[in-house]
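Those protein sequence lines, which keep their order, are chains A and B. Heads up: the first sequence begins at 1 in our numbering, then just goes up one per residue. Heads up: the second sequence begins at 1001 in our numbering, then just goes up one per residue.
Because the hints were derived from the structure by calculation, they are not lab data. Don't be surprised by glycine CBs; every beta carbon is placed ideally from N, CA and C. A few of these clues could be false.
Below are the DSS-like pairs computed for lysine-lysine, each with C-alpha atoms no more than 25 Å apart in a straight line [claimed, not checked]:
hint : chain 1 : residue 1 : chain 2 : residue 2
1    : A       : Lys301    : A       : Lys356
2    : A       : Lys195    : B       : Lys1196
3    : A       : Lys301    : B       : Lys1196
Going by beta-carbon spacing under 7 Å, a handful of chain B positions derived as facing chain A [to be verified]:
hint : residue
4    : Lys1068
5    : Leu1090
6    : Gly1113
7    : Val1114
8    : His1116
9    : Gly1132
10   : Ser1133
11   : Lys1196
12   : Val1198
13   : Asp1200
14   : Gly1202
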Amino acid sequence: MRLDIESLEREHVLTHAVLVDPQKRTQAGGEIWNRDGEIVEVAYDGSCAAPTEVPRVDLKGLFLAPGLVDVHVHFREPGQEYKEDIESGSRAAAAGGFTSVVMMPNTEPALDHASVVRSVLERGRDVGLCDIQCAGALTLGRAGESLAEYEDLRAAGASALTDDGSPVVDTVLMRRALEHASMLGLVAMVHSEEKALSRGGHMHEGYWSTQLGIPGIPAACEEIGVARDVLLARETGAALHVAHVSTRGAVDILRLAKREWKVDVTAEATPHHLELTDRELVDYSPDFKMNPPLRTEEDRKAVLEGVVDGTLDCIATDHAPHAPMEKDLEFERAPVGVIGLETAFAVAHSALVATKRLTLADLVVRMSLAPARRFGLPGGCLEAGAPASFAILDPKERWRVSADLLQSKSRNCPFLGRTLRGRVVATIYRGQLVHQAPAPTEPLAQVR
Amino acid sequence: MIQPGSHLLGLEGMGAREITHILDLAMSFEEILERSVKKVPTLRGRTIVNAFFEPSTRTRVSFELAQKRLSADVVNFSTGGSSLSKGETLRDTIANLEAMKVDMIVVRHSMAGVPHMLAMHTSASVVNAGDGSHEHPTQGLLDLYTMRGRLGDLAGRQVTIVGDIAHSRVARSNIWGLRALGAHVTVCGPRTMMPKRVEDLGVEVEYDLLRAIRKADAINVLRIQFERHGTPNFPNAREYMRLFGITNEVLRHTKPECFVMHPGPMNRGVEISPEVADGPRQVILQQVTNGVAVRMAVCYQFAGGVTQGTEEESAPPRVPASRAASGRPKPGSAPRVAAGA
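My request is simple: use the sequences and hints to build the entire structure.
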C-alpha cells in the first residue's frame, strides 16, 4: 500500500492510520494534526480538533510510528565520502524510516574536537533529511592514549562519547574516561572487545571457522570486554551503553549487571545479529563480515531473548558502508561492516514481530523511544509538541531487497536477495515527506 | 554463481564416486610416468595458468609437470612477478586472466576462500592448490591415492592425522576425503592446535599419541609451526617431539604394516625423527610421485579434456590389466569424463 501524495502541506492532519504509541505501548486508529514540523494534537476516536480547512492525508491501512532512532551509524564524512556521506547516509536513514541518527566518531579526522563535531552537525542540518547527531571520541584520535575534552565536545553538541571500533585497551584510562563522562552527564558507548583475543581473527570461532579454515574470534573476546566495561561502570557509577551485543555470554553478563548489580547500563542489538549466523559465511562473502562477527544459532537466540526481555534495550544498525572495491577483496583482507539502515525495520520486524516474540509497539520502543531516551534525543513519542517525524509502516508487505533499491552509496548489505516481511512505506521528517517506497512489483503483490 | 562440477575447490561435499573416479583416472596416468617419452597430447590446445599467490615449490612443480605431460600450454605466475605487488586487487587480476581466455586456473593463496571467489567470477575451471587453512584438495587426493595403493579399499580403515590440525589445509582435505571413502579418522595434536568443534567433522580427537596410533593403518604427519600472530602456541620443539614426534620408538606401538606419510616440507627432528623420515616405514617420496599422476587426473578432469578435439585424442590411456592389481578398485573401461563431475 502506498500514500497517494507528492508532498505535505505546512499544516495537515494524518488520518485513518493505526497509531503505534511506544509510550503507551498501544496501537489504535487515530489522527495526528501537525503544523510547522511539530505535532499539534494526537487524537483517537475521530475527535481531532483541527479545523476542516486543514488538509487531510488518508493513511488507511497503514501504521504510523514515531520516526525511528538509530544510535549507531557510520556516515564516513569527513574523510571517506566515497563510502558514504551525510547526504547519502541521510537518504538511507529516511528510506529505513529513521528520522534521527547518531554518527560514530571514526571519521577522518576523528570527532575528537568541538570544531569537527560542529561541522558535522551543521552539515546534517543543511541536508535536512533527518536529525543528524554524533558521538564524540573518548580519546584523542581514538588512539586510546589521552582523553578528549568532553565538556568542549558536549557544548558543541555531541550526544555521547565513544571510541567505537577501537576499544580503550588501557583499563585505567577507561576508568578515567567513565568518571569524567559521568561527571558531565554523558553516556559512554563501548564496543567491548579484548583485542588480544581477536587479533588475526575474521569470523566467529566455532564449527564454521573450522570447516572454512578462517581464523576465528572466540565469544569470550566480546564477553571479557563487556564484563570489564560493566564492572568499571559499577565501580564508577557511570552511564554505559554497550554496542552490538552478539553472544549468549554477553547477554547473560548484561542481565546480571542490570538486575543484580543495578549498573546504569543499556545495550543494543543489530538486525544482522538477530537474523543471521556464522553459517552464512559458507561462500566466503565479505558482505557477511563484520565486528562483532555473526555468531552461532544459540547466540542468535540469546540475542533475540535479550531484546524480548529488555536486557538489550535498543536495536541499532551499526550501518557501516564500504565501497565495492574494498569489499571485493580476499575475505581476510576485506574490511568489517555492513550497511543496515534501509533493511533494519523489515529485518527486526521479520525476526521479532512476525514471529510473535514482540508486539509492533514493543519493537517501536526498541527502535525509537528507548534509544531517544537514553541519549536525550528528541522524538520517540507521539504527543503534542514532539517533532512531526514518523515512520509509516505496512507490517504485512513482503518485499525483496535488491541493490537498486538502496539509497546508500555502498552495497555491502547482507540481506540482498532476501524477502523480508514489513516495510517502511514512507517517512515524514519534521512535517516533510522525505521518503516514499517504490510501488510493489506485481509478483510480490501476489505473494501477500 | 559457481558451476558445480567444473571446479575443484575442496574435497568437502564430494562423494565416494567422484573421488574414486579421479583416483582411477590417476592410476591410468601413472603408467605414462613410467614411459621413456612421458607425454601425451590429451590437453593439447588447452591453456592453464598456475597462479601462486603464496610461495610453493613442490606443489607448483608437480602441477606444472602434470600439465606439461598432458601437453597443455602452461603459464606460471607468482605474487612477486605479478601486478598484485603493484596494488591491483585480486578481482582485477581475475578479470585480466579471464580476459586472456584461459581454460583453467590453478590457484594457491595464503587466505581461505580465494578459490571460491575466483570460481564465482570466472568461466575458467578453478583448481584449488591450497587456500589458507581451508583445503588442499590435490594433496588430499594424492594422500588418498597413496593410501589406496597400499591398503586397497579404504572403507573401515583407520587413519591418524598428527600435528597442527587448526592451521592445516591438508588435514581438512584428508578428513573430508577419508570420510567420504568410509575410513575412520583420528586427529591428534596439541590442544592449542586443535580447532573448535573439530569432532563435528566426523573425526575422533585424541591427545595421547600412542593411543591415537595404536590401531592406525596409516599416519599422516603434518608440518608444525610454533607461532601464530606473535603468540607462541607451544613451549618448544623439544616438548613437541616428546609428546607428538613420530619416532621409531613410537612406531613400535603401531601395527607392523602401518606406514607414515608427510605432505612436506618436513621439520626433521620436530614432528618426525630423521630415522623415520628416511626409514622403511615412510612413503613420503611415493606421495610426491603420486602427486604428479593425481594432478594429471585433476587437470584432465577439470580442464575439460573432451569438449574439444576428438574423443580418441583426448581420452586417457587405458590401464594395462597388469597394473590394475587385485585389491585395487578397477577403473572403468574408459573413464567417464563428464559424469562424476
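Results of checking the hints against the structure:
no., hint, verdict
1, Lys301(A) with Lys356(A), "14 Å, holds"
2, Lys195(A) with Lys1196(B), "20 Å, holds"
3, Lys301(A) with Lys1196(B), "21 Å, holds"
4, Lys1068, "29 Å, violated"
5, Leu1090, "6 Å, holds"
6, Gly1113, "3 Å, holds"
7, Val1114, "5 Å, holds"
8, His1116, "5 Å, holds"
9, Gly1132, "5 Å, holds"
10, Ser1133, "4 Å, holds"
11, Lys1196, "5 Å, holds"
12, Val1198, "6 Å, holds"
13, Asp1200, "5 Å, holds"
14, Gly1202, "11 Å, violated"
Of the numbered hints stated above, those contradicted by the structure are hints 4, 14, listed in ascending order.
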